[in-house]
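Now for the letters of each chain:
Protein chains: 2
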Amino acid sequence: MTDPIRVAIAGHGNLGRGVEAAILHNPDMRLVGIYTRRPAEQISPRRPDTPVFAIAELAGHADRIDVLILCGGSKEDLPQQGPEYAALFNTVDSFDTHARIPDYFAAVDAPARANRKTALISAGWDPGMFSINRALGEALLPDGETHTFWGDGLSQGHSDAVRRIPGVAGAVQYTRPVPAAMEQARSGSRRMLTTREKHQRECFVVLQEGADAEQVRDTIVRMPHYFADYDTTVNFISAEELARDHAAMVHGGFVIRSGNTTAGTAQTIEYSLKLESNPEFTASVLVAYARAAYRLHCMGQYGAKTVFDVPPGLLSPKSAEQLRAEQL
Amino acid sequence: MTDPIRVAIAGHGNLGRGVEAAILHNPDMRLVGIYTRRPAEQISPRRPDTPVFAIAELAGHADRIDVLILCGGSKEDLPQQGPEYAALFNTVDSFDTHARIPDYFAAVDAPARANRKTALISAGWDPGMFSINRALGEALLPDGETHTFWGDGLSQGHSDAVRRIPGVAGAVQYTRPVPAAMEQARSGSRRMLTTREKHQRECFVVLQEGADAEQVRDTIVRMPHYFADYDTTVNFISAEELARDHAAMVHGGFVIRSGNTTAGTAQTIEYSLKLESNPEFTASVLVAYARAAYRLHCMGQYGAKTVFDVPPGLLSPKSAEQLRAEQL
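As you go down the protein sequences, you meet chains A and S in turn.
Numbering follows this note's numbering, in which position 78 of the first sequence is assigned residue number 688; successive positions increment by one, without gaps.
Numbering follows this note's numbering, in which position 261 of the second sequence is assigned residue number 871; successive positions increment by one, without gaps.
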């Protein structure tokens, strides 16, 4: 029995709390600290014996931590924390601004290499599991098309946009795949579908007293970029219903690759996720990749890495022999 | 532009013909030879300029071939060919006798290591893509259950068993997942399902003249091991219908992992394949892994490998930079 992998968490929002929960399911890991910007006394760890530190203490704790899981956001936190901590720790993060991944990779790669650390970036489900399925789908069926669908899922950005409308007291917005578009993707039809053709939007809105429902509905469905080009449904509900039925951060989606191996012979690969908690699932992916990042580091593979660089077996607590015997 | 990877095929049955087709979709590869036990003049390559050799010539062609794809069967061919050719070539195969994989791995590993070759065994979809999804599902959701379903698929072994019954002139058998069992797996119910609860069997039978349909049906549905414990349907059709509607080697299946990240929070991962040609899809997987095996060899990673050892990015013809920019 080898020593458990010593894992620490930087940031204790929804994602950090999910990582805490995920580590409890992985007996080969030990949570050695939660590092936070908030006053330590405001943090209630899931296990009361988990130490809580100010994030400023991290730099002094390099010898206590095998892998640091960065649980901050992609907009404000990771562009600064990623490169900074990759110089000191093996790290894992869920950087998810797709267009900026090449720059972020380069910014993390240099300090990690210089300090012989392994930094696994952009793990989660998209980017992450969906990326693997997009790359594998294309590699296995080069003559084909890939369709990614998101949902049914709560979209934070669209929910916020609705909440800012005058007369709205509360709201959530769900993105849902259009069933007919999914059937088309599965059928092997090679027509490309736009994001707008593939998704519809459904809002659940609590009105302020005296607000005009039809005016609110109209403002939503005509909102440019967010709703105007989509098939959008608006439902009005009570504050009690909003709290009771729409608090969970559900999400998920589909990656469908359909292609031909010979003329007239269609093959379809489909990967899908149905998540009752988006942050808890992302956290579970981060924890499995923390194991892999630590193993890559032990093998001398330094620098920034992505899910494309990680052999699947390294994510499992099982040995290669065990995996071959039990799961191949 | 680097030189194309020089790929050769050992064995020219359904799988070997599928590999031929798959290589045509991969411009970074070149098919340098088909090696067969049959007289060369009986082979019609898809491209007339593809050289055909007697399999006995393989040993003398080691310097012409970067990767040899073994397209023989797991019962008779691979136990002998796998170790023999792994001493001379980088190899890829689809060895699929699950219970014997550890022994086969050891038998291939020793000669490959001794001769600094890379031998990727048991690639395909099960073992192969399904194995990856079983291992990842368990790693991402340790508190959960995995269910593998096969079908709708033509089963060669069960079709043969029906064909041996007196009075049967021709037959095919399809294995199909039981819809209610699939819904249960997706629902996150943690009850284990047996293979028998998960699958039903459907036979399409052509009777010999004068055969007693009810007696044939009875013999099928009571056949021990093959049918007796399953919900089995028998349909009688004409020889013309058999030839017209049941010639395709369709197959596929599902790997469903459902688990909890915290109490009461269910997460479901589902991977599925719908294949109009089982051998052509398996061949496509072999060809993508041929690329990966060659790259592993170039990186100095010798010995037997499985899909668990291969970073997903190595399967793609795209560079790591390109994958990060386009598919992450």
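Hints were generated in silico from the structure; no laboratory data involved.
Any given hint might turn out to be false.
Chain A stretches covered by chain S per the calculated footprint, using a threshold of three residues with CB under 8 Å from any CB of chain S [claimed, not checked]: (1) 705–713; (2) 730–741; (3) 892–898.
Below 30 Å or equal to it, Euclidean Cα-Cα: the simulated DSS-like pairs (lysine-lysine) are [to be verified]: (4) A/Lys685 with A/Lys928; (5) A/Lys884 with A/Lys928; (6) S/Lys685 with A/Lys884; (7) S/Lys928 with S/Lys884; (8) A/Lys685 with S/Lys928; (9) A/Lys928 with S/Lys685; (10) S/Lys928 with S/Lys685.
Quick list of the computed label-pair ranges, beta carbon to beta carbon [what the hints assert, rightly or not]: (11) A/Thr612 with S/Pro649: 34 to 42 Å; (12) A/Pro712 with S/Ala838: 53 to 61 Å; (13) A/Gly910 with S/Asp839: 49 to 57 Å; (14) A/Ala873 with S/Arg640: 17 to 25 Å; (15) A/Ala930 with S/Cys908: 41 to 49 Å; (16) S/Asp659 with A/Asp613: 52 to 60 Å; (17) S/Gln818 with A/Pro927: 52 to 60 Å; (18) A/Gly910 with S/Ile653: 21 to 29 Å.
A virtual CB, placed ideally from N, CA and C, is assigned to each residue, including glycine.
Right, here's what the structure says about each hint:
Coverage of the segment 705–713 of chain A by chain S holds [criterion: at least 3 residues with CB-CB distance below 8 Å; count 3]. Closer than 8 Å: that is the beta-carbon criterion, and the segment 730–741 of chain A has 4 residues meeting it against chain S, so the requirement of 3 holds. For the segment 892–898 of chain A, the proposed coverage by chain S is satisfied: 4 residues have a C-beta within less than 8 Å of a C-beta in that chain, meeting the threshold of three. Using a Cα cut-off of 30 Å, the hinted pair A/Lys685 and A/Lys928 is violated, with the two alpha carbons roughly 35 Å apart.
Between the alpha carbons of A/Lys884 and A/Lys928 the distance comes to roughly 26 Å, so the proposed pair stays at or under 30 Å and holds. As the CA atoms of S/Lys685 and A/Lys884 are separated by approximately 39 Å, the hinted pair breaks the 30 Å bound. A C-alpha spacing of about 26 Å is found between S/Lys928 and S/Lys884, which places the hinted pair at or below 30 Å, so the restraint holds. Restraint check: the Cα-Cα separation between A/Lys685 and S/Lys928 comes to about 28 Å, which is no more than 30 Å; the hinted pair holds.
For the suggested pair A/Lys928 and S/Lys685, the alpha carbons sit about 28 Å apart, so the restraint of at most 30 Å is met. The straight-line distance between the Cα atoms of S/Lys928 and S/Lys685 is roughly 35 Å, outside the 30 Å bound, and the hint therefore fails. The hint said 34 to 42 Å for the Cβ distance between A/Thr612 and S/Pro649, and at roughly 57 Å that hint is violated. Against the hinted window of 53 to 61 Å, the Cβ-Cβ separation of A/Pro712 and S/Ala838 comes to about 59 Å, which satisfies the hint.
Judged by the Cβ atoms, the range 49 to 57 Å given for A/Gly910 and S/Asp839 holds: they are separated by roughly 52 Å. Between A/Ala873 and S/Arg640 the CB atoms are about 22 Å apart, so this pair conforms to the stated range of 17 to 25 Å. Under the hint 41 to 49 Å, the C-beta atoms of A/Ala930 and S/Cys908, about 21 Å apart, miss the expected range. In this structure the supplied range 52 to 60 Å holds for S/Asp659 paired with A/Asp613, their Cβ-Cβ distance being about 59 Å.
For S/Gln818 and A/Pro927, the Cβ-Cβ distance of about 56 Å falls inside the hinted range of 52 to 60 Å, so the restraint holds. Taking the beta carbon of each, A/Gly910 and S/Ile653 are about 46 Å apart, not inside 21 to 29 Å as hinted.
Taken one by one, the earlier hints fail for this structure at numbers 4, 6, 10, 11, 15, 18, listed in ascending order.
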